[in-house]
Structures are given as structure tokens and as C-alpha cells.
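With the sequences and hints as input, model every part of the structure.
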Amino acid sequence: MSMKQWHLSPGRFFDPDPTQRDAAMALYERIKDLPLLCPHGHVDPRLFSDPDYTFGSPVELLIIPDHYIFRMLYAQGIQLEQLGIPRRDGGQSEGDHRKIWQLFADHFYLFQGTPTGSWFNEELRSVFGVSEKLNGANADAIYDQIDSKLSSPAFKPRALFEQFNIETLCTTDAATDSLEHHQAVRASGWGGTIRPTFRPDGVVNIDATGWKQEIDKLSAVSGIDVVDFASYIQAVESRRAFFKEMGARATDQGALTAHSQRLSGAEVEAIFSRALSGKATVEDAANFTGHMLMEMARMSVEDGLVMQLHVGSYRNHNSAIFEKFGLDKGADIPIRTDFTRSLQPLLAAYGNNPALRLILFNLDETTYARELAPLAGHYPAVKLGPPWWFHDSVNGIRRYFDQVMETAGLYNTVGFNDDTRAYLSIPARHDVWRRSGANWVAGLLVRGMIDEEDAHQMCAALAYDLAKSAYNL
Amino acid sequence: MSMKQWHLSPGRFFDPDPTQRDAAMALYERIKDLPLLCPHGHVDPRLFSDPDYTFGSPVELLIIPDHYIFRMLYAQGIQLEQLGIPRRDGGQSEGDHRKIWQLFADHFYLFQGTPTGSWFNEELRSVFGVSEKLNGANADAIYDQIDSKLSSPAFKPRALFEQFNIETLCTTDAATDSLEHHQAVRASGWGGTIRPTFRPDGVVNIDATGWKQEIDKLSAVSGIDVVDFASYIQAVESRRAFFKEMGARATDQGALTAHSQRLSGAEVEAIFSRALSGKATVEDAANFTGHMLMEMARMSVEDGLVMQLHVGSYRNHNSAIFEKFGLDKGADIPIRTDFTRSLQPLLAAYGNNPALRLILFNLDETTYARELAPLAGHYPAVKLGPPWWFHDSVNGIRRYFDQVMETAGLYNTVGFNDDTRAYLSIPARHDVWRRSGANWVAGLLVRGMIDEEDAHQMCAALAYDLAKSAYNL
Amino acid sequence: MSMKQWHLSPGRFFDPDPTQRDAAMALYERIKDLPLLCPHGHVDPRLFSDPDYTFGSPVELLIIPDHYIFRMLYAQGIQLEQLGIPRRDGGQSEGDHRKIWQLFADHFYLFQGTPTGSWFNEELRSVFGVSEKLNGANADAIYDQIDSKLSSPAFKPRALFEQFNIETLCTTDAATDSLEHHQAVRASGWGGTIRPTFRPDGVVNIDATGWKQEIDKLSAVSGIDVVDFASYIQAVESRRAFFKEMGARATDQGALTAHSQRLSGAEVEAIFSRALSGKATVEDAANFTGHMLMEMARMSVEDGLVMQLHVGSYRNHNSAIFEKFGLDKGADIPIRTDFTRSLQPLLAAYGNNPALRLILFNLDETTYARELAPLAGHYPAVKLGPPWWFHDSVNGIRRYFDQVMETAGLYNTVGFNDDTRAYLSIPARHDVWRRSGANWVAGLLVRGMIDEEDAHQMCAALAYDLAKSAYNL
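Protein chains in written order, with this note's numbering: chain H, 1 to 473; chain E, 1 to 473; chain L, 1 to 473.
For the record, the hints were derived by calculation from the structure and aren't laboratory data.
Please note that a few of the clues may not be correct.
No copy is singled out in the list; a pair is fine if it fits within one copy or between any two copies.
As the list claims (entries may be wrong) - Taking lysine to any residue pairs in the SDA-like style, the calculated list, with each CA pair at most 20 Å apart, reads: (1) 324 to 93; (2) 212 to 348; (3) 99 to 66; (4) 468 to 109; (5) 324 to 352; (6) 99 to 109; (7) 99 to 86; (8) 468 to 76; (9) 329 to 354; (10) 149 to 125; (11) 244 to 295; (12) 279 to 431; (13) 324 to 10; (14) 324 to 344; (15) 324 to 242; (16) 156 to 304; (17) 324 to 348.
Shown next as C-alpha cells:
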């Protein structure tokens, strides 16, 4: 048996059965080169505002900002300081990037069979032309290879944007963001389409440290003095209008749960006033978020911005890591979630409104078949986002197709979001989705459940059409 | 590549691997023509009491009563009025059935890869002899083809009963139903076996609008004046006796949760009296349902009717649709459910009793492996119903086999229920089950986990034997 | 079609696709003969302390102690008395073992497609050389065949230990156990490695009947008079030290939930004192268990014993069976569980501590991808145990690989535990795991997600390396 030919082979991620694999390949061939739509993600707009932007060292590009990678090493007892992750207190972190790279390469086997491993291998191969698998012995040579590419003009973000064939890329930006980088992109005359997305979390989460400063920023940036809930709403609406003017097509809100409820004017004013004086309780915060979900839906009905909602992540679960290193260090852990009861008030108010498009994302896969697919298969306002975060993987995508599509119907989903800060991983992520989509559709085809015409239409929808229409791109 | 040959091919729904597919086909060949047992469903008994019953137009048959179909169109922004769904207030709904059919055909692509699409295609082909896939262009011609069939004598329900090879069909009938249509079937001398099923929900759900009227009907139809809980129980028992006399083999209760608990006599009388005077609370209703689960189990022990329990559907989630169009409009959304704790009181009281057979149905698939299979694999009274509603599909059935069978054992399940109001879809639904069953058993066979003798026995059990014995047919 | 060749074939449990099957076989060939590590299980140490130990009749060996088997028969209406299960009140149970065996053989078809059926078939074939499938007709002959083997010297536990190629076997022993059998094994000079495991449940569950007697035993066996919480902790620590001295590598705690919380000294003393006087409430018991999880973690940090935690089983769900026959009669039913919130206090205190290794086991598979994999993929202290109990099966293992590995990474799991009291089933159980592992890895390989080098390394890790290092064997 020669097992070697399979690794990263042209038919990778397809089922091994030759009938299905051939069908998948034929379907994939027609969609693999479609332009990439990136309607939700976390790439820094600075990459595109500065024509001379450089990515720094391989470690600055690939390790330090990637919590998928360093969480796995941390789980195996490697300290974040050893990986160059900066400490909040300014304490010592490793500064020798070759040493960090070597440590990573020595432990690269930890990523066997993981999506992080797949993306990384694909990125090394397709983006950097590295043909060997990374290991302790070739670490230095591969570092050099990447490093020399990174300093070439072809590795400017704008050049890669063309090379990756990205049609539109949406960033995620705080409600209080000046969008100066988006303005600079526009002013530069460069032709790439970069759109902001309105993220209200910083001004909605009244129990977060720093909320009051965010409110001060909100006042400053909107020119509306936020002194009560009414002025707060005015300021939020004014920021949405500005984002829309700057090309935004959507908002994106994160919440621990999908709890929605309209509070009375008096209740919400009382909570807001407690928040302003630093006296809001945990319950106040949950109620306020529930009310703001209703308000965000109302505003979307009014201004036409697509509403995205990501729920179910218990942020900063590891308090010691949060204190030492801050947010987004791989310690956000999903919790069980409910939509059927929680979203009922919001859907009763806005779910039948043709002016609302609400895209739901979740980390609790048990809700796929039980709640999300039935909701999307009924309410005109509801659409389902692709599998999120941990589930944006070959298995995760397969489970999503399996559990969502029969009940929701493909056309109540919205195609793919790469949802990444790792700009260079974008083609690899879309490729996993397109291959997984082609393989799923091929499975339906070779089981006689659809015909060839349907199959091609479904693949095109998954790869391009659904995202285009869901996000009004 | 020619993909055309797969669509609706003889080996449809089987795994594409040739070894498994051939084994599945060989197993399926032996069961595909077994008579159909339909122990739980919602076909109107009127179809059989009136020998001249006609189905109306293709739209009256296939669109207006089918919430699987119109919910998907509604989710895409088509108004229910445009589809001819009658409004409760008598307001305008589309009356031109060709126009409705055209609208449906234009959007038939929405059903790609869904069970509704599969059933519909199969029904068109096998029942109506339509060989093309429905689309906007052939809509009118296919309408004519169906319409002309529907007016032929072969399309009388009794003739189809023979053609479909149905051995027994059980309907679902309110506790207060006179069963006049069942009486008429008996009186007619026609040989088909149609049995009623006792559904107590209308007289159990004390918080439902119309409960008091149901109680008045119960008094009238039973001849027992329901003035307190004792007379209520007497009346319910008398109706069960009447249903049994009319051929019923089972009861069927729906409940939001599986909560069971025996209340004291004083408590239940107090709740019942509050209900009679219109003062029952939501908590009263939940407690009363919990108590009535105990009572229904007790009665089943006494009269031998099989007890069916369907839990976990949040009915009429979309309040605007409910107000405008009423029940069963595709807006029932599943919720998370628990059986282990909720059913413990009932099982402690009756779970070891050989006179009880309790068949459980659920929409929360997470309970399959975690709760339902272990309960069915231990308690002599407990059996598992087939996958319900959204999960009565190729994927849903596969997940059920995968998650239930290892722990419950095949012989603690009850075969198939088509659970449909759509009479003409019955053969297609049984065929999906039989093919899925043959494919699952073939998977065990080609993995060396069972032998050929076991395989044939298991397939026969799935297709026929289990339903026959579970429902005493 | 000849389906006969598949049953128990050399490629059993592998996917039928020839590419994947061949790859799986090639991988399996390299690991199938590795020594067995059994770091968690329930084999009686008496088997090894007494060199002349005999297993009794086939029924005493295979039926009476195996709740997997008799629960399935009970679910089909066979009384436990008919199967020779002893009653607590000393009442009559069947004593004719041939009659019991016949009853079992007549109903052996109930195990079609179940893991119990697979293990049983494999055990009969590999351990007893029985080549026919058990049925009513050959029951007697197979009984004789097993019986004669059982009386041969090759069927002494120590001889089988060699034959099975077991490297280490860990038992599970109450905190109050004298470990006399472990002492006797040591004293005997026999070379097999048998290690005890410290199980504190009897002294932790303050609401269990018999807790007070366990505390008295704890005082006696530790020589520390347990009069308050402080002396209780001292006694527990002294027992852990003794277990460690006797070769223990781990502790194992069972709990209904994963709730952890550190109580104040005053609170815990108050609860303990209520417990001593028989006045502890259900809430006290839950809080005490939550506190003791913290204490067990602290002790593990101090003494280096690996901490195992099994949660989510509602024990003795069937009260009538419990009263008549006692514990472990197949009536333990899983419940929904949570780890993200419940374990947060424990992980905040000890999750980053390199001296702790906490291995988690659960019966609620919904936590695999949602909670357990993300926790194990982040916290250095957390590792995931293999699928437990009902899920220790071909499908259960497949679901575990599918849902755990992408996020947790293989190296944050701990290989296999057979977790069995059925000594003779150990090789069959490990074989199911190794075959399932090889098949999963082959699936990654033929999908191009890993290369051959990775594949072999992953299989060796699954079969041997991970267990060896996780349990410090």
C-alpha cells in the first residue's frame, strides 16, 4: 500500500468512494475559482489602508495572533510567554522569533487531524510554496523560506487581495470606531472592496470593564452627548448611519445567550442610569442586552442593515490567562444555548417583517436540527450562518449540512463566512468549505436525491450566490 | 461523468460504496413489497367513510394542507394568502389554483435536498406517473396530468388503499370525537382496516382556548356530567372504552415536556375546579398534564391500550401566524427536553408493569443516545417510536439508527409510523424508511457485525414485525 | 451475493470502501499486538491474589455479573430472578444454570447490532474457540464447550493475563478498602502489574445510605478518628498516601454533576456536622461533593495522583429494581450535563497547574464538541477520557473521534479504558477501540488530511502511548 499519494491530494476532503469522489470533483471544478466573498471576519483594515503594510516575521504573522495555534501548545504545558504572547503588565515574553518558531515546529504534530493543521499546511503550500511538512528538523529552513516571501512585493496585502480573488471583504469594527482606515482605503483610489461591519458589543455590555469609557467615546465620535437611554439610542443610530454611509452592509452582535425582551421605557432608563453610575448588576446587564437585541432588530428594519447574532461563548473562562494576557487567548468556551424560547419575543415583533434579515450563529450544535433549522425554515427574517469557530472544519461543516439542510433548506442559509483575523488563511478556509460543500452535494447526487442540475445550482449557491444575496453585496 | 442515472435510481438512498449498496439492495428486495402498517398518523377517516370521496384540485391535495411545503415558501417571503391558505377572519386568500401551483413550481428548487422534495418527487412519479422534475416551465402541464388522474376512479381513497398495499391504518381522533366516520366505514362493509386512536389533548390541556367547550363535549358524548375531577376521569375512561370497542389499539398524548407526577386527590380537584372556573394558571396546566400522564398510564395498564407520548414541540411559536391562520402552519418549533428525571415518577409507578406499553417520541435528538435508548433498553414498559416530524428523513433516520440502536437494541423500538395527513405520501414515506433500514443493516453486515440471517431478520422487523407486535395489530 | 464472508471477518468494523479498508488494515496491523494498558476498570483484584481462582459456571461468568446482558433481557419482560440475579432479601432466584443459559440463548437475537453482541461473539470465538453463533438449538453444546475450557488451567486469571498480553491493569477500590488482595498479589511474587485506584465516593456522598458506616470504616482503616471535617480530610489524605504506596497512579470520583465550588471552612464544617448527625439535606450533599471536587484536585496537585471524574449518571433510576436487587442492575440512566460553568471554579483554581492531570468522562455526548474538547484544547490540566459506558462501541467511538478530535487534538485525550468488570471481555474491547481508531485515522489519511507518518503515530498513540503517559504507567 502506498499511502503517500493522498496527502493534500487534488481530491482531498472528499469521501474515498470513487463514485462520490468523482462527482464531488466534477462539482468542485466548477466552483473552485469563483471569487471569494468574505462578508464576516476580523481582518484588520489597516492592511489595506497602508499600501506598504508588512506582516512582520513568520511568528508575528502566524503564531502570536493565532489563538487556535497557541491554545493547543498551551494545553500541552507550553507557557504563552514562551510563544511571544505579550503580557498586559509588560512582563517578559520571548523575543527571539526563531526560537519560538522552533518550539512550534517541535510540537507541530499536536495539530495532526485538526482544522488548524489543515489550514496551516494548505497555507504553507499554496501561499508560501513550502512543500514539506513542518517539523523540528526543517523548522529553520522553512522559517527562511516564509521570511523571504514576506518581504517580497507580492506579499503586500493589496497584492494578495487580487491573488486570492477576493471580491468583497467585510471587517468588524466597534461602534465607536472612526473607520479612519476604511476612509483611507477609499481615499487611496485602490479598487478592492473593503466594507466595515457595525459591532455594538462595546457599548451594549454594561457590565464589561471599560463600558463607561466606550460610552464617552460614543459621545465624542457621534457628537451626541450620551446622558440617558434616549440619547444613547440616538448616538447608536447615528453611528449605524455613518457605518452604512461607509459601505457597511451588516451589524454583528455577540451575546452570551439569545435572550430577547422589550423592557418598558422606565425599566430601561433605570438600568441605563445604574450603568452610568457604575451600579448595574449582572441581571441588569442580561436584561439590557435582551432589550438591545430588540432595538438592534428595530433599527435593522429601519435602516436595512443585515443583523448578525453570535451567541453561546463563555468569554475568558480562564481568569488567570485573562488577567495576564487579556482577551482572545483561546479560553472562550461554548455553553448550551436555547433559541426557541429566547428569541420568541424578538421574532414575534420582527420575525415576519420583510425588512429584517437576522443571521444566527451558534456554537452549540444541538440547536442546529432542533431549533435553528426549524426557525430558519419558517420565519422569513431568519437565516442561518455557517458553522462558527470550532465547527468551521471538515467534520463541523459535514455535521452542519447533515443537521441543518433537510429542515432549513439550503436557501435559508447564507453560504460561508471565513470569520478570521488570519488574512493569509482565507483561501484555505474557503477551499475547505467549497470542497466540503461539493462533497455533501455529491453525496445527495449519488444517493439519487437530487439531479445534476440541482447539484450544480446548490454548489454555486454555497460557494457564492447565497452570501452575495444574504449580505446585499 | 454522467450524473443523470442516479436521480430516483433503483438504489437511491443507499450508500454509494458498491459493497454496501449491493447488500442493501438485496436486503431491500425482500421487504419492499411487505404490506404497509400505519399505526400512527393523521389521515382524515372521512376519506374511507365516503366511497365517492374526491381530493379536489392538485393544490387542495398537495399544497394547502401541507405545512411542510408552505412553511418553506413562507420562509422565503411568500405570503400564506398567496398560497390559498384560509384565514381565520375569512379575509382574502388566493383562489386561483393554477396561479398557486405556478408560484409553487417557480420555487420548487427551494426543496432541493429536503425530505419534502424527496417525498414530493417520489409521489409525483409513482402515484401520478409524472417523469419530469417540476419547474416553472412545465408547471401547467404537470397540473393537468395530476388533475386528470385525480378525477379517475383509481384515485378514490379506498382504491388507493388497496394499491398502496396498506394492511392497517390508524387515525388520530379527539377524545370527544363521535367516531362517526369510523362507524360508517364499518357499516359500509368495505374490507380495509381503519382504526381510531384516542387523543386526550383537547380535554387535558386546561390552559388551551376552548378547553371548557371540550369538557362540555366530553360530557355530552360520554353521557357523564363532568363536574369535578372524579366525573372527568370517569368520562375519559368511558371514551377510552368506546374507542377500544371501535377498534382502537392505542392512545396518543402530546405534551410540551415529559414531566410526570402524581398529585394528591385534593390538589388535583383544586386545579380542576380552578380550570372549570377559568382560573387555572400556567403552572396548574403543567401540573395537571403531569398528573394526567400518570392517569393515562394507569388506564393503559387497565384497558391494554398502547400509550403513545409525543413531547417537545413549542406549538404556534409565531403568534401573528397563529392569530391569522390558526394551528399547524409550520410554526411549531422543538425545544430541549428531558426524560430521565421527568418520567421517573411514571416509570417508578408503571415502568415494570407488563401490562403497560409506553411508546416515546421526541424532537430533541440529543435525548436519543443519552436518555431514550437507555430507558428503552431497561424498562419493560418503554419502547421507542421512530424519528418524528423533522427527523423522518434520510439523515434523520440514519442519526436515529446510529444513536439509538446500539443501546436500546432493535427490539425495543417499534418500526415505522408515517405520521402524516398526506395520504398519497404514505408509500413514499415507508419506502424511505425501508431503504434507510436496509442500508443501515447492510452497513452492519459489511462491517462484519452481524451475519446474513440476522440482517434479513432485522430488516423484516423494521419494515413490518415490530409495528405489528408493538401496536397489537 | 454471498454475505457470509463478512461476519467477524479480518476487516470487521472498518468502512467498506476498499481504499479506506485497506488503509485501516495496514494501520491496524502495526498496533493490534501492542500490550494492553488497562488504566481504569472494575476487575476484582481477588482474581489475581488467589492463584487458584476459578470463574464458576458459564452463567456465573457471563450472565449474572453482566448488567449489559441482563438489562436487555429484562427490557423484554424476562424477570431478573429467571436469570439467577440474587435478591437482596434472599428470595428465590433461578439456580439451574443450564436453564438460564438456554433462556439467554433463546433471546440472543436481541443483541443483534449491539456492542454487547459484538463483544460476546468475539469473546466466544477468540477466548473459548466457539465458532457458531449462539442460538436456542446449540445452547447446550456451547455451554459444555465453555464449561470445559473454564475448568482448564489455561483459564486461571493469571494465565489469561499473560495470554491477553496485559501490561498493567488498574482496579477501582473504595477509599476504605484494605487493599488486602493487592497486598497478596505483591506478596505472591507473581509478575503481573495490578494497581489499585482510589475511589472516594463512599466517603464523599453524604446522602448515600451507609455513609456513616463508611466514615466509621475510614476512621478504623486510617487510624484517624473522623470527628469533623479537618480529621476527615486528614484521613482521606492518609488513605491516598497508602494507595499511592500500594502502586496507585490515579483516583476516580463519580458525581451526578460537575458542580465545583470552594465552601468556607465554617460552611463545610457545618455541613459535615449535619451529615454526621444524619441531618444533611440533598443540597448539602451537592455542595459537599462540589467542595470535595476542589479538595481532590488540591490533593492531586500535592501527591501527583491523576484525578479521574465521571459525571452524569442518574444511579438506580428504577427504584423497584434497586430495592429488590441493589446497585448496578442496568438502571443507571444518563442526564444532561454541563462542564463549562460547573467546572469553572475548579479550573480557575487548579486548571493551569502543571501538577494536576484531570481526566473527564461523560455520558452526555452533546458536551463532546461543545464543552469537553474546547476545555481540553486549552487547559493544561484537562484531558479527555475515552467514550464511557453506553458509548464504548463502534458508533460511540466514531462519534467521539468525530466530535472531539478536531478541537481537543488527539494529544489531549488519554487513549482507551476498558472500564469493565468482565475480565474476559478485555481483549475484545481493546480490539474494538484499536480497529475503530485505525479506521478513523485511515479516514483522515484517504481524505488527504494527514500523511502516512502521522497516521502511524496517531494509531500508536491511541492504542498505547497516550494511556501510558496520561496515567504515568
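Each hint tested on the structure:
1. For a Cα distance limit of 20 Å, the shortest separation of residue 324 from residue 93 inside one copy, 12 Å, qualifies, whereas the shortest one across copies, 64 Å, does not.
2. In this assembly of identical chains, residue 212 and residue 348 lie within 20 Å of each other by CA distance neither inside one copy nor across copies; the values are 32 Å within and 27 Å between.
3. Within a single copy, residue 99 and residue 66 get their C-alpha atoms as close as 17 Å, which meets the 20 Å cut-off; across copies the closest is 55 Å, which misses it.
4. Taking the closest pair of Cα atoms, residue 468 and residue 109 come within 20 Å of each other only across two copies (18 Å); inside a single copy the shortest separation is 38 Å, beyond that limit.
5. Taking the shortest alpha-carbon separations for residue 324 and residue 352, only the inter-copy value of 12 Å comes in at or below 20 Å, while the best intra-copy value is 46 Å.
6. Taking identical chains as interchangeable, the C-alpha atoms of residue 99 and residue 109 lie at most 20 Å apart only when both belong to the same chain, with a minimum of 17 Å there against 56 Å between chains.
7. Taking identical chains as interchangeable, the C-alpha atoms of residue 99 and residue 86 lie at most 20 Å apart only when both belong to the same chain, with a minimum of 16 Å there against 65 Å between chains.
8. In this assembly of identical chains, the alpha carbons of residue 468 and residue 76 lie at most 20 Å apart only when taken from different copies (16 Å versus 41 Å within one copy).
9. For the homomeric pair residue 329 and residue 354, the shortest alpha-carbon distance between copies (18 Å) is at most 20 Å, but the shortest distance inside one copy (39 Å) is not.
10. For the homomeric pair residue 149 and residue 125, the shortest alpha-carbon distance inside one copy (12 Å) is at most 20 Å, but the shortest distance between copies (59 Å) is not.
11. Taking identical chains as interchangeable, the C-alpha atoms of residue 244 and residue 295 lie at most 20 Å apart only when both belong to the same chain, with a minimum of 17 Å there against 55 Å between chains.
12. In this assembly of identical chains, the alpha carbons of residue 279 and residue 431 never lie at most 20 Å apart, being 48 Å within a copy and 60 Å across copies at closest.
13. For a Cα distance limit of 20 Å, the shortest separation of residue 324 from residue 10 qualifies neither inside one copy, at 44 Å, nor across copies, at 54 Å.
14. Proximity of residue 324 and residue 344 under a CA criterion of 20 Å is satisfied inter-copy only: 17 Å between copies versus 39 Å inside one chain copy.
15. For the identical chains of this complex, residue 324 and residue 242 are neighbours neither inside a copy (36 Å) nor across copies (39 Å), given an alpha-carbon limit of 20 Å.
16. Taking the shortest Cα distances, residue 156 and residue 304 never come within 20 Å of each other, neither inside one copy (34 Å) nor across copies (51 Å).
17. With identical chains, the CA atoms of residue 324 and residue 348 are at most 20 Å apart between copies only, with a shortest distance of 13 Å across copies and 43 Å within one.
Of the numbered hints given earlier, the model fails hints 2, 12, 13, 15, 16; all others are met.
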